[in-house]
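**Q** So you can see what is in the structure, the chains are spelled out below.
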Amino acid sequence: MIGILASVIDGVLVGAVYGLAAMGLTLIWGVMNVINLSHGAIIVLGMFVVYFLTSATGASAYLGVPLVLALGFAAGVVIYWISVNRVIGQPILMSLLATFSLNMVIIGLGTAAWTTSPYNVPVSLPGISVRGYTFTGTHIMAALIAVVIAAALYLFLRYTRPGKAIRAVASNRDAAELNGIPTRQVLSMAFGLGVALACVSGALIATLFPFTVLSGGSYQLKSFVVTVLGGLGNPAGALMGGIALGVVEGLATPFTPVSWTPIIEFGLFVITLIAFPRGIFAFSRA
Amino acid sequence: MNESVSQAVAKAAAARPRHAFGEELLRQARRPFPWLVVAFTLVCGLVPYLADDVGLRESLLLAAVYVTLASNLNLMIGFAGYVNFGNIVFFGLGGYIGVYLATAWHVNLVLASLAAGILVGFLAYLFGLGILRLRGAFFALATIGVNEAIRAFVTNFEPWGGATGIYLSMDAYEPLGGPMNGLWICYFLLVAVMGLSLLLGYAIKTSKFGLGLLAIGQNEDAAAVLGVPTPRYKAIIYSVSGFFPAVAGSLYFFKSGIIEPTSAFDLTASIESIVMLMLGGAQTVTGPVIGAFLYEELRGYLLVSQTFSHFQLVLAGALLLIIVLFVPGGFMGWLHGRLPRLRRWLE
Numbered sequence: 011m012i013g014i015l016a017s018v019i020d021g022v023l024v025g026a027v028y029g030l031a032a033m034g035l036t037l038i039w040g041v042m043n044v045i046n047l048s049h050g051a052i053i054v055l056g057m058f059v060v061y062f063l064t065s066a067t068g069a070s071a072y073l074g075v076p077l078v079l080a081l082g083f084a085a086g087v088v089i090y091w092i093s094v095n096r097v098i099g100q101p102i103l104m105s106l107l108a109t110f111s112l113n114m115v116i117i118g119l120g121t122a123a124w125t126t127s128p129y130n131v132p133v134s135l136p137g138i139s140v141r142g143y144t145f146t147g148t149h150i151m152a153a154l155i156a157v158v159i160a161a162a163l164y165l166f167l168r169y170t171r172p173g174k175a176i177r178a179v180a181s182n183r184d185a186a187e188l189n190g191i192p193t194r195q196v197l198s199m200a201f202g203l204g205v206a207l208a209c210v211s212g213a214l215i216a217t218l219f220p221f222t223v224l225s226g227g228s229y230q231l232k233s234f235v236v237t238v239l240g241g242l243g244n245p246a247g248a249l250m251g252g253i254a255l256g257v258v259e260g261l262a263t264p265f266t267p268v269s270w271t272p273i274i275e276f277g278l279f280v281i282t283l284i285a286f287p288r289g290i291f292a293f294s295r296a
Numbered sequence: 137m138n139e140s141v142s143q144a145v146a147k148a149a150a151a152r153p154r155h156a157f158g159e160e161l162l163r164q165a166r167r168p169f170p171w172l173v174v175a176f177t178l179v180c181g182l183v184p185y186l187a188d189d190v191g192l193r194e195s196l197l198l199a200a201v202y203v204t205l206a207s208n209l210n211l212m213i214g215f216a217g218y219v220n221f222g223n224i225v226f227f228g229l230g231g232y233i234g235v236y237l238a239t240a241w242h243v244n245l246v247l248a249s250l251a252a253g254i255l256v257g258f259l260a261y262l263f264g265l266g267i268l269r270l271r272g273a274f275f276a277l278a279t280i281g282v283n284e285a286i287r288a289f290v291t292n293f294e295p296w297g298g299a300t301g302i303y304l305s306m307d308a309y310e311p312l313g314g315p316m317n318g319l320w321i322c323y324f325l326l327v328a329v330m331g332l333s334l335l336l337g338y339a340i341k342t343s344k345f346g347l348g349l350l351a352i353g354q355n356e357d358a359a360a361v362l363g364v365p366t367p368r369y370k371a372i373i374y375s376v377s378g379f380f381p382a383v384a385g386s387l388y389f390f391k392s393g394i395i396e397p398t399s400a401f402d403l404t405a406s407i408e409s410i411v412m413l414m415l416g417g418a419q420t421v422t423g424p425v426i427g428a429f430l431y432e433e434l435r436g437y438l439l440v441s442q443t444f445s446h447f448q449l450v451l452a453g454a455l456l457l458i459i460v461l462f463v464p465g466g467f468m469g470w471l472h473g474r475l476p477r478l479r480r481w482l483e
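Line order of the protein sequences matches chains A and B. Quick note on our numbering: the first sequence kicks off at 11 and runs consecutively. Quick note on our numbering: the second sequence kicks off at 137 and runs consecutively.
It is possible that some hints are incorrect.
Unchecked claim - One-sided and incomplete, this derived list gives chain B residues near chain A with beta-carbon spacing under 10 Å:
1) 217
2) 271
3) 276
4) 288
5) 449
6) 452
7) 456
8) 459
9) 460
10) 461
11) 464
12) 467
Said to hold, decoys possible - Here are the simulated distance ranges between beta carbons:
13) 277(A) with 293(B): 16 to 24 Å
14) 164(A) with 433(B): 51 to 59 Å
15) 128(A) with 367(B): 39 to 47 Å
16) 293(B) with 101(A): 34 to 42 Å
Calculated from the structure, these hints are not laboratory results. Ideal Cβ placement from N, Cα and C applies to all residues, glycine included.
The following block holds chain A by itself, in its conformation from the complex (with noise of 0.2 Å):
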């Protein structure tokens, strides 16, 4: 029985950094109405920057955090002049190609540099011990950094006048825009912080779990589950479907092989959309 607790819990903390990773998918998605088919090469992207800092400086992985998330926001905002700001209001066809050539470049250019062999991020915390299960400290520290920044995300969106221009054009870009508010700019930094939110993921994820360069698939899938189970454009609602997809994974983990993995949550986005439409967890939109 504690087993099963002991499995429940480890998904929690585990569930909220996948909450983070699909939180960037959705909130681009919420923002443009583009699905951002790039995602999953942007976090492994996360990964890399992590790993080479802390091979390269030697400093702890958590320590990266900051950095990542102001490169991921750079780089999200250069992304989204070069491919996604042409493909803006036009068929999804089109932004969904224009994401998906991106993340062929991406993957492609790091399989070049990188090779596909497994890297992984050397981070030692003591674990916490209850009854004999040891809970892993990376396990808690990555659950507390994912809460802490969708909590700082919120705030953002909430009380700020940048974040409000956010969600002003989420619900209006036209209306927005005669208010005088500079849409593109909005949007692109909407962009930014999307994909700063996937690479910060990526960096927590790497301290959990070897990575290799194509990683990023399996973490894609796994954010639209969870985008999906929370519902679209929610970013409140993606934490609490990464928190139920990790607890799914950790009780699955014991009874089916690994390989399953990808197999079960495929079922599950199927399933969702097709009987949840709307999201397990769809409160009102932030």
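Since the structure of chain A is already known, use the hints to place chain B on it.
**A** This is chain B only, laid out in the frame that chain A set:
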């Protein structure tokens, strides 16, 4: 654009008399484009044979496979507006079914390929009923999922050799008159499949069914309101777009003499066919041909070149991005914009 298609659908539904099949065929035969396709197919088939050039045959064979994939993908992406990222699953699964029938059951190659096409088309219809409820990115992701799921299944399916796949022995080519002859026969059949794919694309484009698909691609809800039976049309086109790729897969892997899961369900090949389609121009019948030939040339050059051989994916991605951002109509879209009269000749 949006409005014009909806209006056209309404008009076609209201005004166009129902032609008998024979009449329709005659009407089409008076137009130049089908004959262009036939002539092109014959040239592709005969030139390497008459010149007895095996190198040319191999490169045209690959081009024929590409054209088949891109042209059938066009039915989904160009007409219905649904991005199928996992279209290679038709090709791979068709290959497995055809090769298995031809080797284990000694079925005639043509029959085995047809069976592969029909079976894959049927499976696609069943899958389509489920995943076509999803739209946009969800559908795109689901198609990747279908490809991965079938790859996982085949990798664990012992009768098909599991992860090692099926190897053909030389005896497999005996019914075709030995390996030398067999390769030529496979080539002719593949070129024929290419020609038929193009004719299929043309037939669908000029039909009421095709108009309905275009309407779905532009605005699915509006199309449904105007009386296009969207779920049925989508499932049919998903299934139809699987038929020829499956036949081509069966012929291609029979010709290669080996089929294994990694190469049969290669997602990169899927993406490459999207690049070809966008390069040549979606929503046109000629576009996939031009895109496939251009891409094959480019790819051949990149693979040989020292500097670029590692960057195939990067360049394909960059190419796709440039097309999507600056020439969304592809080569044919650009050409039609320049020479509007050409629309009547090159569909």
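**Q** With a cut-off of 10 Å, does the beta carbon of residue 271(B) approach a beta carbon of chain A closely enough for the hint to hold?
**A** Holds. Min distance 8 Å.
**Q** A closest beta-carbon separation below 10 Å is what the hint needs, so does residue 456(B) meet it against chain A?
**A** With a closest approach of 4 Å, the residue 456(B) hint holds.
**Q** A closest beta-carbon separation below 10 Å is what the hint needs, so does residue 452(B) meet it against chain A?
**A** Interface hint status for residue 452(B): holds (6 Å vs cutoff 10 Å).
**Q** Min Cβ distance, residue 276(B) to chain A: is it shorter than 10 Å?
**A** This hint holds: residue 276(B) lies near chain A, its Cβ roughly 6 Å from the closest one there, short of 10 Å.
**Q** Is 16 to 24 Å right for how far apart the beta carbons of residue 277(A) and residue 293(B) are?
**A** Because 20 Å falls inside the window, the suggested range holds.
**Q** Is the hinted range of 39 to 47 Å satisfied by the C-beta distance from residue 128(A) to residue 367(B)?
**A** 44 Å, holds
**Q** Can you tell me whether the CB distance of residue 164(A) to residue 433(B) sits inside 51 to 59 Å?
**A** Holds: the Cβ-Cβ distance is about 52 Å, inside 51 to 59 Å.
**Q** Residue 293(B) and residue 101(A), beta-carbon distance inside 34 to 42 Å?
**A** 38 Å, holds
**Q** Is the hint on residue 460(B) kept, meaning its closest Cβ partner in chain A is under 10 Å away?
**A** 5 Å, holds
**Q** Does residue 449(B) pass the interface check with chain A, least Cβ-Cβ distance below 10 Å?
**A** With Cβ-Cβ at 3 Å, under 10 Å, it holds.
**Q** A closest beta-carbon separation below 10 Å is what the hint needs, so does residue 459(B) meet it against chain A?
**A** Status holds, d = 8 Å.
**Q** Holds or violated: is the Cβ of residue 467(B) closer than 10 Å to a Cβ in chain A?
**A** 16 Å, violated
Against the hints set out earlier in the document, a violation occurs for number 12 only.
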